[in-house]
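Here the protein sequences come in this chain order: Y and H. The first sequence maps to residues 1 to 505 in this note's numbering. The second sequence maps to residues 1001 to 1310 in this note's numbering.
Note that these hints are calculated values from the structure, not bench results. Heads up, a few of these hints could be off.
[As the list claims (entries may be wrong)] Covered stretches of chain Y, as calculated for chain H (at least 3 residues, CB under 8 Å):
| hint | region |
| --- | --- |
| 1 | 88-97 |
| 2 | 112-123 |
| 3 | 439-447 |
| 4 | 455-465 |
Built from N, CA and C at the ideal position, the CB exists for glycine as well.
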Amino acid sequence: MKKVRFTALVMLLACSMALAACGSSNGGTKNGGQASNAPESKIEELTVAFPMVSSAQQDIQLVEDAVNKITEQKIQARVKFMPISAGEWQQQTNLLFTSNEKLDLMFVNGSLYSGMVAKGQLIPIDELISKYGGGITKALGDYLQVARLKDGIYAVPTIRDLATSYGITFRKDLADKYSIDVSKLNTMEDIEHAFKTIKDGEGGDFTPLIPSGVGATYLENYLTYDRLGDGIGILPDYDNGLKIVNLYETDTYKEQLKRIRDWYLKGYIMKDSATNKLSTFELLRGGKGFAYFAALKPGFEEQESQASGVQVVTKELLSPIATTSTVTGAMWGIPVNTKLEGKAMEFLNLMYEDKDIINLFDWGIEGKHYVKVPGEDNVIDYPEGVTAQTTGYNMPLGWLFGNQFLSYVMKGKDADIWNKMDAFNKNAAHSKALGFSFDAAPVKTEYAAVTNVITQYKLALETGSVDPDKVLPDFINKLKSAGIDKIIQEKQKQLDAWVQAGGSK
Amino acid sequence: MSALTQSRKRMKIWRYWPLYLMMLPGLAYMVLNNYLPMFGLSIAFKDIDYRKGIWASDWIGFRNFEFLFKTEDAFIITRNTLLYNGAFIVLGLGIAVVIAILLNEIRNKFAARLYQSLIILPFLISIILVSYLVYAMLSIDTGFVNKTLLPMLGIDSISWYSEPKYWPYILTFIHLWKGAGYSCIVFLAAIIGIDPEYYEAARLDGASKWMQIRTITLPMITPVITMLALLGVGRIFYSDFGLFYQVPMNSGALYETTNVIDTYVFRGLLQLGDVGMSSAAGFYQSIVGFILVLGANAIVRKFNKENALF
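Excised from the complex, chain Y in its bound form (with noise of 0.2 Å):
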């Protein structure tokens, strides 16, 4: 009696697997996409991890939920969110991967983005977006081929700025003070020459050129050539044949940190720039310094100035450029965990066209967290009483969203943004090596040691802390003994391979 209880026992529990088994290859080769509503089908959780950057956000649920309740009808899936915090991200990741967590899309940092494929975290998703991503290929156009690696794509890039120009930007203030007229500094000189005036004007310790970032050089956001991703084996001019060549060889780079050290020595650069820990907006609030190079965008002034709560104004000294690294800067895919990937890529696939999802992420939920402003179609406010400070969700990560054309605007921005952005993308100049992406993995050992050597040197030099008389010479042979011609011979090795294979097309 008891046996035939056990054997029965066994038996139910087998079948419960074996149906559980079916259930999940159902959902997972089945998903016949918007068209089959079917409502047998079963609902799957997809799990979405993404970093975050500001505290918690305490109506994040309530979000989800809201989410929910369009995949659910859409594309027969739950999302389960997983916010991370963006200072952790990699370490996380990692951890995801190395236990094999489930998790069914991901946030991908282009920086990451080869390494992650070379070390298999991600699936390729070509044929997954030709099938369900439809508006992912709508939405991006051309962009979406750059983010190809050899054997496929792994990763579809966010829609935001996908291009960037250099440029420098000033407090407005001081250049009206000074009657300096932003718009006709063409050239280093010109802007020298306006640094000099500031610093007779103002005197003392006041220095005019301050870093635009904690641990940011002088030199990172005025690029006169493509860094093919991470600046060792560069691209001159965008193009040079594509020939690669050793950045810090090049006579431009040596002309470059003479200059800043000719700056340094006048006192127009901040003098602790290298240990500097604050923000640029810190040291704009503090009324340090007048001027700082950035990477510029269409909305940029606008943006400075009200992060900042200071005035500032910009002048564009390079034009527009769209490098591999511009476009691949923040991505999604689909790692290697899922078992959904067919669910995850309609997901994506939302995240591109839905724009409800889309507000969703990016503002939260009508009516509580925002309102539309009445008689306009995109532009939003707070509801009464409610500020950025006091809502309780607060995501300044539009970009991160997938499409961000089809996000809101908060009133008091720029209503017209997304048309001036989507111009500016479709106006820049590409690099030629645009699409290229190199893979570390064949020279790790170098790369790790060149690295290295990178952060001893880079710093000091283009802060114009040290000599670069002395120094520069010192930094190129620790490279060399450090292998980076070995990185660049491996590197233009890929590049050729890369043309070969058709290159931007």
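Position chain H relative to chain Y; hints supplied.
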């Protein structure tokens, strides 16, 4: 005979079973936390491919270790790590012992408590805050030393964060300032545990305070000193990451005297995020530490068997 000891052993287990039971969770924790992850050491010898998983990834021998030894930096980081930690062990123990003896001699209860708290305070400050305290002292534009102290002495200001030669002293000072209070607690406890009768007897015989310290206190706490020294030696290849990364503000110009194995590995792999290479570094550190502990213990045992750990 053996049957006898065995049955006695069984008796013992039987008699103290509650104690053994209490040991179980700790033992389980140690197995789970300290021994199971050791399988992960294999990662150091593999080219991790997440499609294949950890076990099926390819073995690549010692390739992950290469970057540690390949450049001329390898010598600098090893030298820095060893010299700093060597200095920290010797000076740290010495100063902690002196402080402990001094604290023990303070008869006023309130004052003793006060000093003890004050000395331990730096240990409780986060290293990030410490780095900013140091920065407030040494910054070029606003630092106290450059703006107030040096002008008073009529010396030109020094750009501390690009002069490597000062940093061995600065870092050693900070380490001692931060850690001495904490490590002296152990010694203080050991000193308090010494039977007061020894001192009474010594006083009756007319021994001075100095003699008492030299002939009673120090010999009595020697086992504790050796133990802590051995533990320190075991960690000689690991360095206090916060101290060497945060306090010099990650200033490249100072790497010559501030770069240690941990910071080197961190900076080199920040971009690559390669688990294989980072576990290789960890593996190397622990193996060398293990060998050094065995070696140091063997030396101690040679001189004084009682003071050896095992």
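Now for the hints, and whether the structure bears them out:
Counting residues of the region 88-97 of chain Y whose CB falls under 8 Å from any CB of chain H gives 3; the rule of at least 3 is met. Interface restraint, the region 112-123 of chain Y with chain H: holds (5 residues with C-beta to C-beta distance below 8 Å; minimum three). Residues of the region 439-447 of chain Y with a Cβ under 8 Å from some Cβ of chain H number 5, which satisfies the need for three, so the listed coverage holds. Counting residues of the region 455-465 of chain Y whose beta-carbon sits less than 8 Å from any beta-carbon of chain H gives 7, enough to reach three: the coverage restraint holds.
Taken one by one, the earlier hints all hold for this structure without exception.
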